[in-house]
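Protein chains in written order, with the working numbering: chain Z, 24 to 435; chain W, 24 to 435.
Watch out, some of these pointers could steer you wrong.
Put simply, identical chains are the same to the list, so a pair is met inside one copy or across any two.
Claimed, not checked - Taking lysine to any residue pairs in the SDA-like style, the calculated list, with each CA pair at most 25 Å apart, reads:
#1 Lys398 with His424
#2 Lys156 with Asp381
#3 Lys54 with Tyr388
#4 Lys54 with Leu92
#5 Lys27 with His424
#6 Lys158 with Val385
#7 Lys156 with Leu383
#8 Lys156 with Gly382
#9 Lys158 with Thr45
#10 Lys27 with Gly425
#11 Lys158 with Leu383
#12 Lys156 with Asp367
#13 Lys158 with Gly382
#14 Lys398 with Gly425
#15 Lys98 with Asp365
Quick caveat, the hints were computed from the structure, so don't treat them as lab data.
Predicted model only: the values in this text are computed from it and were never measured.
2 protein chains.
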Amino acid sequence: MDLKPSPLALPFPDMPPIAGVTLRVSQARYKNWANDPERADLTYVELTEGTGVAGVFTTSACASSEVELGREQVKAGSARALIVNAGNSNAFTGYRGREAVEQIMTQVAGRLGCNKGEVFVSSTGVIGVPLPKDKAREGVSKALEADPCGWEDAANAIGTTDTFAKGAHASAVVDGKTVHLCGFIKGSGMIAPDMATMLGYIFTDAAVAPAFLQQLLSDANGQTFSCITVDGDTSTSDTVLAFATGAAGNTSLASFDSAGADAFAAALTDVCRQLAQLVVRDGEGATKLITIRVTGAASDESARRVGMSIANSPLVKTAIAGEDANWGRVVMAVGKAGEPADRDRLSIAFGGTWTARDGLPVEGYDEAPVAAHLKGAEIDIEVDLGLGEGRATVWTCDLTHGYISINADYRS
Amino acid sequence: MDLKPSPLALPFPDMPPIAGVTLRVSQARYKNWANDPERADLTYVELTEGTGVAGVFTTSACASSEVELGREQVKAGSARALIVNAGNSNAFTGYRGREAVEQIMTQVAGRLGCNKGEVFVSSTGVIGVPLPKDKAREGVSKALEADPCGWEDAANAIGTTDTFAKGAHASAVVDGKTVHLCGFIKGSGMIAPDMATMLGYIFTDAAVAPAFLQQLLSDANGQTFSCITVDGDTSTSDTVLAFATGAAGNTSLASFDSAGADAFAAALTDVCRQLAQLVVRDGEGATKLITIRVTGAASDESARRVGMSIANSPLVKTAIAGEDANWGRVVMAVGKAGEPADRDRLSIAFGGTWTARDGLPVEGYDEAPVAAHLKGAEIDIEVDLGLGEGRATVWTCDLTHGYISINADYRS
Chain Z
24 MDLKPSPLAL PFPDMPPIAG VTLRVSQARY KNWANDPERA DLTYVELTEG TGVAGVFTTS
84 ACASSEVELG REQVKAGSAR ALIVNAGNSN AFTGYRGREA VEQIMTQVAG RLGCNKGEVF
144 VSSTGVIGVP LPKDKAREGV SKALEADPCG WEDAANAIGT TDTFAKGAHA SAVVDGKTVH
204 LCGFIKGSGM IAPDMATMLG YIFTDAAVAP AFLQQLLSDA NGQTFSCITV DGDTSTSDTV
264 LAFATGAAGN TSLASFDSAG ADAFAAALTD VCRQLAQLVV RDGEGATKLI TIRVTGAASD
324 ESARRVGMSI ANSPLVKTAI AGEDANWGRV VMAVGKAGEP ADRDRLSIAF GGTWTARDGL
384 PVEGYDEAPV AAHLKGAEID IEVDLGLGEG RATVWTCDLT HGYISINADY RS
Chain W
24 MDLKPSPLAL PFPDMPPIAG VTLRVSQARY KNWANDPERA DLTYVELTEG TGVAGVFTTS
84 ACASSEVELG REQVKAGSAR ALIVNAGNSN AFTGYRGREA VEQIMTQVAG RLGCNKGEVF
144 VSSTGVIGVP LPKDKAREGV SKALEADPCG WEDAANAIGT TDTFAKGAHA SAVVDGKTVH
204 LCGFIKGSGM IAPDMATMLG YIFTDAAVAP AFLQQLLSDA NGQTFSCITV DGDTSTSDTV
264 LAFATGAAGN TSLASFDSAG ADAFAAALTD VCRQLAQLVV RDGEGATKLI TIRVTGAASD
324 ESARRVGMSI ANSPLVKTAI AGEDANWGRV VMAVGKAGEP ADRDRLSIAF GGTWTARDGL
384 PVEGYDEAPV AAHLKGAEID IEVDLGLGEG RATVWTCDLT HGYISINADY RS
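Isolated chain Z, as found in the complex (with noise of 0.2 Å):
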């Protein structure tokens, strides 16, 4: 990793193999990696015949060719092969930035014997400029060839600006067989200098059906990636993709029927919002981990986008950087979300004490635990609009001198 790593950094956990699931690392050079010149950058995992996918990507108009493709192959649901390229985004890249793809794809289908459809790629860092093929080709080759490596190297390869790697699993009991989620992810804000991009990868060795693996990994992305910002930026390649490659042997999950889908669901689900938090954990300048818990909305989803509206404010993140709790802000915050929302029925927390309610500033709140709150690096900010029953957490982190260094004072 480049930088030192965020203060909110947390160990890389033990994580246990998959079976069906093969990881290699190679070095593409890809760029010029001053800090860690023999660092990794292309990574290969290969997935056993029968392995199903699942995919959520982007929602940008501009979206790279990866992502163009991916969003493509994930509707046939089968998968052998990923490829994560890290150090060029290959986005705004045109046509040659598609030939670059369709060579990967076509290397790794010749070598496995499957379909070119079946091999996803990635890539993240600089916008603008093709991928290069040699470096590819060169790149890929020496991957197909490398020594098996553990989650921790792959997670490391996959990186950019990020300052730790990050990984999460769980389990859940199906159809009587223990079956295993482990994932890795890369991202430190919606974008790094020239760089972009979360990635996220899960992996699992349960049987489940591919379309029912889309559905709960949608289900999971609405409460989890779709619930972290660090600063509201949307990267052109943003992709989070679940494999399951059935080697538990457990009777497919076809739909929430099926023995255990539920407990494969929540598994899933604390993956996925154990790989988001880390995002934020290294969100660029990240002091703080705000957690915004937003009740007594209109829906769930006004309920989110209320969340993410106070999460996205500028002012917000500066007055918790300044560990300041600074409610008239997060009123702010939520007059402009444009949700239905009642000045005279909003009350709002820090770290479990009320600041406000139904409108108007709780006279004579005790400041001591509040103050101690905003002190520590995890906080709380609960809002209430007591309007109706919809719910939504959401994260983030605060705004910092160090977000500002990172991407102005740094050049590219």
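Go by the hints and put chain W onto chain Z.
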């Protein structure tokens, strides 16, 4: 003014008096103005009988009582007075805040012998503290007796964390008579530390029917105040009012069929644009004024939204602060706008030099004029979406360490 003037500050212009408009200021001492204890913080504008009024207000769902009342008052179309309180926004103060506003309306209406609804009130400053009625009553009493003052005095008195006084004027020939429009405004970002709000006031001696004045002000607002952003945060109190005294004696403008209506509309839009740009020039921490022109959009409104997505992107704004022609971040901001866009038709220019065309970087473009342009204080970004005829221009400022210092390091 409390702070060192913005490097983008402009001198206050010479502005003629407007017949039918009398300005006075007084000290209500709504807060302890540490850097300028003798400054005026209450502004009283007396308007001649028969003055028409129009207004545009914040879209916040948590608006202040002043805004709630103002939205109703403009419907009647008639104004005799304006009171502006600086240092306390009276927002999020429930029934007590409303009582304070009604007290001011009653006090001034009693003096002028007019309807309460003809007295407009605005307030800007801390949120969550009801405007103190005793200070308001005494401040209004003093203002009613004060000697008339000039535009710059009034522009200073409505400021909070503004670093310079902001005024603009224009004139037009209507019905054979030269009419004048003079305006002043406050705002330095959507919100300053615990402060809030853009408040703007425009006065003209032209006779304009209130309904037509409202139409013209709403149109002008859509091209000016709705096209600026400092941090994407929206105050609970934003207000722009236009007052037409009719003292110039022209036949009242009632529609675009009236002689001179087009000239008057152009002058009104001109004043609004000048005032809007002055707010951006005083943006918290601003060192560069950024003008973003979007063409080739599906519609004008779509162009405005794409422009605002770019203007609100922390990554674009930090890149400009760093004098980096980072068109990849502009692509990102176009992509996330949620508006029609086609990556492969997108073109981007800095200071008139096209760096990307039709979805590909322009190879070998001349970087020297781009680098020179980015070192200046006024930055032009052009984005051609290549789809349709829609166009819009929006304005913002860069995002610097100064913004963080003002909003996080300084404590209220």
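Structure-based check of each hint:
no.	hint	result
1	Lys398 with His424	both (17 Å within a copy, 22 Å between copies)
2	Lys156 with Asp381	between (61 Å within a copy, 22 Å between copies)
3	Lys54 with Tyr388	between (54 Å within a copy, 22 Å between copies)
4	Lys54 with Leu92	within (24 Å within a copy, 60 Å between copies)
5	Lys27 with His424	both (15 Å within a copy, 20 Å between copies)
6	Lys158 with Val385	between (62 Å within a copy, 23 Å between copies)
7	Lys156 with Leu383	between (62 Å within a copy, 17 Å between copies)
8	Lys156 with Gly382	between (60 Å within a copy, 19 Å between copies)
9	Lys158 with Thr45	within (22 Å within a copy, 74 Å between copies)
10	Lys27 with Gly425	both (12 Å within a copy, 24 Å between copies)
11	Lys158 with Leu383	between (62 Å within a copy, 21 Å between copies)
12	Lys156 with Asp367	between (60 Å within a copy, 21 Å between copies)
13	Lys158 with Gly382	between (60 Å within a copy, 23 Å between copies)
14	Lys398 with Gly425	both (18 Å within a copy, 23 Å between copies)
15	Lys98 with Asp365	between (43 Å within a copy, 23 Å between copies)
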